[in-house]
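Using the sequences and the accompanying hints, generate a full structural model.
Number of protein chains: 2
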Amino acid sequence: MNINQKAVNALRVLSADQVQKANSGHPGLPLGAAPAAYELWANHMNHNPKNPNWENRDRFILSAGHGSALIYSLLHMFGYEGVTIEELKKFRQFGSLTPGHPEYRHTKGIEATTGPLGAGVSTAVGMAIAEAHLAEVFNKENYPVVDHYTFAMTGDGCLMEGVSYEALSLAGTLKLDKFIILYDSNNITIEGDTDFAFTEDVEARFKAFGYQVIVVKDGNDLEAISKAIEEAKAEKNKPSIIINKTQIGFGCPAKVGKASAHGEPLGAENVQAFRECLGWESQNEFEISDDIYNHYSELAENGIQKENEWNEMFAAYTKEYPEMKKLWDEYFADVDMSKIMDSKEYWEFENKSMATRATSGTIINKLKDLYPNLVGGSADLAPSNKSEMKDAGFFSPQNRGGRNIHFGVREMGMTAITSGIYLHGGLKPFCATFFVFSDFMKPMIRLAALMGLPVTYVLTHDSIGVGEDGPTHEPVEQLAMLRSIPNINVFRPADYTETAVAWATAMQSKDRPTALVLTRQNLPQLKGSSQDAFKGAYILEEASNKENIDLIIMASGSEVELAVGAKEELEKAGKSVRVVSVPCIDLFEDQDCAYKEEILPSSVRTRLAVEAGEPMPWYKYVGFEGDVVGMTTFGASAPAEELFKHFGFTVENVVNKAKALLK
Amino acid sequence: MNINQKAVNALRVLSADQVQKANSGHPGLPLGAAPAAYELWANHMNHNPKNPNWENRDRFILSAGHGSALIYSLLHMFGYEGVTIEELKKFRQFGSLTPGHPEYRHTKGIEATTGPLGAGVSTAVGMAIAEAHLAEVFNKENYPVVDHYTFAMTGDGCLMEGVSYEALSLAGTLKLDKFIILYDSNNITIEGDTDFAFTEDVEARFKAFGYQVIVVKDGNDLEAISKAIEEAKAEKNKPSIIINKTQIGFGCPAKVGKASAHGEPLGAENVQAFRECLGWESQNEFEISDDIYNHYSELAENGIQKENEWNEMFAAYTKEYPEMKKLWDEYFADVDMSKIMDSKEYWEFENKSMATRATSGTIINKLKDLYPNLVGGSADLAPSNKSEMKDAGFFSPQNRGGRNIHFGVREMGMTAITSGIYLHGGLKPFCATFFVFSDFMKPMIRLAALMGLPVTYVLTHDSIGVGEDGPTHEPVEQLAMLRSIPNINVFRPADYTETAVAWATAMQSKDRPTALVLTRQNLPQLKGSSQDAFKGAYILEEASNKENIDLIIMASGSEVELAVGAKEELEKAGKSVRVVSVPCIDLFEDQDCAYKEEILPSSVRTRLAVEAGEPMPWYKYVGFEGDVVGMTTFGASAPAEELFKHFGFTVENVVNKAKALLK
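Residue numbers (UniProt numbering), protein chains in the order written: chain Z, 1 to 663; chain B, 1 to 663.
Hints were generated in silico from the structure; no laboratory data involved.
It is possible that part of the hints are untrue.
Identical copies carry no separate label here, and so any pair may be met within one copy or between two of them.
Pairs of lysine-lysine, BS3-like flavour, derived with a Cα cap of 25 Å [unchecked claim]:
no. : residue 1 : residue 2
1   : Lys645    : Lys21
2   : Lys21     : Lys258
3   : Lys90     : Lys50
4   : Lys645    : Lys90
5   : Lys207    : Lys238
6   : Lys207    : Lys245
7   : Lys645    : Lys89
8   : Lys258    : Lys390
Below is the structure:
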């Protein structure tokens, strides 16, 4: 057996052993896809196991994340830091570097957290966009400092998920020629043959999307795989998909080609039979002979060499173009917040009624000038979301330098792509749609929160203020939905200052997405608003008798105005009322106890929260003695003012609710 | 101008007038798509304006729901009850029958609520599945009592959304030959030309999906449209898509072919110019001449005639096959709950540890026998979801009688299709996936809740109990997400009895979806569980001193066991502790005040809620003096028992939290 074949089988054996030892996991894909993965990592992908953060490395995403044992086997054999044989033995165990699905920031060499099917390959599209854009910005003649491929390995499941159609269709439109899909086509899913539910002609589909389609008839043929990857790389006008025909559970006689190979251990006896079938010498689990390790070490050396060459080129580039090096550092370093905090202009605004979506649009265009690496776009709602960066161009095959992106009507794909743009490094992305359509974004927002990506979501038309478009377009429960996700800041600002703080929070974030929840309708500029909004909640208007507060009214966004109006009425009636603006519950929760006690003293139990959304998030702050003016039903179709009145979002109703509490 | 052309222009004029009067709405699609809509409704679709509930009518869904003015114009001209000219004048106004987007159950003749793009056409796939299945069940030689088409009208946006790829790919696999898409292809979206973001070859895509593709080059050519519809109907082996090339805003010189035609009123001047351009005689808004009304009345008569013929056939069928008529009534009537409530077998269970997903599987198979119109399936997880009805077959081109459905890895499409199956009438559908992937279902669950559809979602693997698959597969915030949606019952049962109640609740529902949230891991059968679970929350174990309760512990699902264990410990320590099982907060909220007070007396303020999910939903019930043992972070990858321990879901930790409250 030649060394390449041995090296492939090493991946298979390690994968089977991991799953067997954990007594949990998915051997099917690793056994079938090992040759393609090996050939790619060994001979075509530029990657340096000693520096997984090399900016110009080729990216690889295992979109079929359940096949994690395969990527851990690769990382181990190539010598990535931390992924020792001991970690492989702790596959799927608490605290190991080898969790059930690959996790970004957890294991070196993992480019994205994957598992929910379709997500990885969609995220990869974002990486390819980032590469194309940065290449346009930075490359100079003889200095292709940004010049790499993005590879995604998918199974059948990934290609059935809607998110992948969205993102992959856009990749075709954008002619992302350095984006290459390796499709592990084994015709088996959990319920059985793909004929049951997935008979589409995948070749024709991808041709329809504008891809080069390459078929490898025998997924064990390394030469054919190699040729296919070369062809894919050579295509300069469109993305490529390599349809690699494999057998799930290859090498395991009892399981090969069966659905049962997918997601359960092969079984001890089958693992032995499998070793025999592969002609594998050692019967000991996790044992790989030195010749194979040596072979992988040599391959890893190639990667080190590749980075060294790039480093030399980059040093010369730095010398010849010092201003580009400065720009590079600006793109790739943390966001310089002094640009915002020291900018008079950023914080200045016209004192007139404005929708926060419009305010956000103004701020985006200020940020555009402060941060050249800010990129973003909308799911075909840019004019409504006010999300366009003026004069910054649109990213397209003809204009790789465009900083705006037409995502099309594809909210979920857009969100995954936005994650990918960030994951690539060098860019600060945002994306935009109507708030109600955050429903479509949810699975990808969750993944971004799990990965800790500081991306920004611009979500406009944030309540029944949508008006005539009616209940399908009126978010009611979406604030609760987003706030329930761990590790995200959900910001619903009430005026210019708070919107400026919200965007500043988003720019400042290093490890959390930020959702900006913005109105369609105009709101006044508030007298009491301030940068205290950075703390998530603050006293907007103090009670007339601070020592003796009768009532605290809390509100966010468009309802702060009502809280202020109600306070005025109630103070006239002799009550001492504090108004607390709560643009971001998540940030408020991050404050220390003393601050929380200062804003919401435990002695003041008469509290009223006002928000045109599901009340669930507020009970923590109002307790049994308080109340919430919220939305417990869907909205309706009518002019916004009528709806606010109908659903009780008036000063009068807030005053009445307050009086009922004060009785 | 011939009468057909006048009839088409009547739809255009009424649509433009509606939008203009409302000063809000979308004239673009109605102006361009009016000829296709007219030709279909006038000459090809079997529908009876006098009986919109005729079981064998052709179904029509306006997937591009923003073009609602078009369907209201159609309903008005054909004489559907309620849709008077006065209602058209109240387009998008509070309480009118003409809301911004079409709403099911609100306006007669509206088959589904649409607006979020892609949803309608995906839902239509479900209707076509229902038709094919019911035809197989009911049709006899010479008696095609179920024999109709399902038409969906889409725009570009619908075809960009991932949900539509999912559902439409499946429709191809299932060879739903009576499913016909009318694609209004105008090359314009909100941000501009479709070339910006949507260059895929739609013809090739649908051929790849297994469709007949028919192109109408001139969307104003009624004859060509007619021919296309006939061809689509004639195809007996696959679905069809008619690509109808139109101009957005046709007839309005200032707007035709522009993005600005899409979503804003034409403007008073443009409406005049538009009338002139069309050669429309009257300058008065909403004025349609009698000859046009008469023409539509004649067309409506055809529909009445069609239903009369069907009624005659159905009467003969009833006579010849009285047992089929009985079955028909069973399918089309409300669910007969006595079958469940009087069944000893339904409520019987083995007294052993069982995962609630397995319990649910057992119950599904009991329901299968009780209710022949129960149909359902999983998004490629049937073996894990335990959702297969044994020996009930799988719906396929070869087996239209199959009651199980292979949905493929398509959660959102599945959910829309499930809505469509219910909307068709005659069937009681459910669908299944992992609970964490309810994220992918969310937009369609929301629409189902908005429409008030009694569909059922089987959501298994409901917490960190998922174990080794790790945080991407471990729901944390999904209970909060689903509970935040208005009009849905979210049921998280703790054992067999509660799961039986949960399914009974789902079967009983007439106007709300039910989400069944079920464990992967085994749970004990509880001593105190009972049909009181129908009330959403009940006393599972009473405190030792009922008159003097020290603490109430609330819990749902797998955490009820912990509550019971903690009570035992605490009672040993001399505390009087009530355990309240809360399988469904939504149902509990529906109870009267007396019952709520009985279960959670306001005098007992020391309360602890235990649920392996985001705590947000519980603060309403624990107040400032209580606490929640919940999940505020994502999970991790490890065996489930280790995770429960790590995250504090042990009797010991619950006891400690309780003791802290009792200090």
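Okay, the hints, checked on the actual structure:
1. Lys645 <-> Lys21: Between. Shortest inter-copy distance 22 Å satisfies the 25 Å Cα cut-off; intra-copy 63 Å does not.
2. Lys21 <-> Lys258: within (21 Å within a copy, 62 Å between copies)
3. Lys90 <-> Lys50: within (22 Å within a copy, 68 Å between copies)
4. Lys645 <-> Lys90: Intra 59 Å, inter 19 Å, cutoff 25 Å: inter-copy only.
5. Lys207 <-> Lys238: Both ways: Lys207 and Lys238 sit 10 Å apart in one copy and 21 Å across, limit 25 Å.
6. Lys207 <-> Lys245: So Lys207 and Lys245 pass the 25 Å test inside a copy (18 Å) and across (22 Å) alike.
7. Lys645 <-> Lys89: between (63 Å within a copy, 22 Å between copies)
8. Lys258 <-> Lys390: Classified as between: cross-chain Cα gap 20 Å, same-chain 54 Å, threshold 25 Å.
Consistency note: the structure conflicts with none of the earlier hints.
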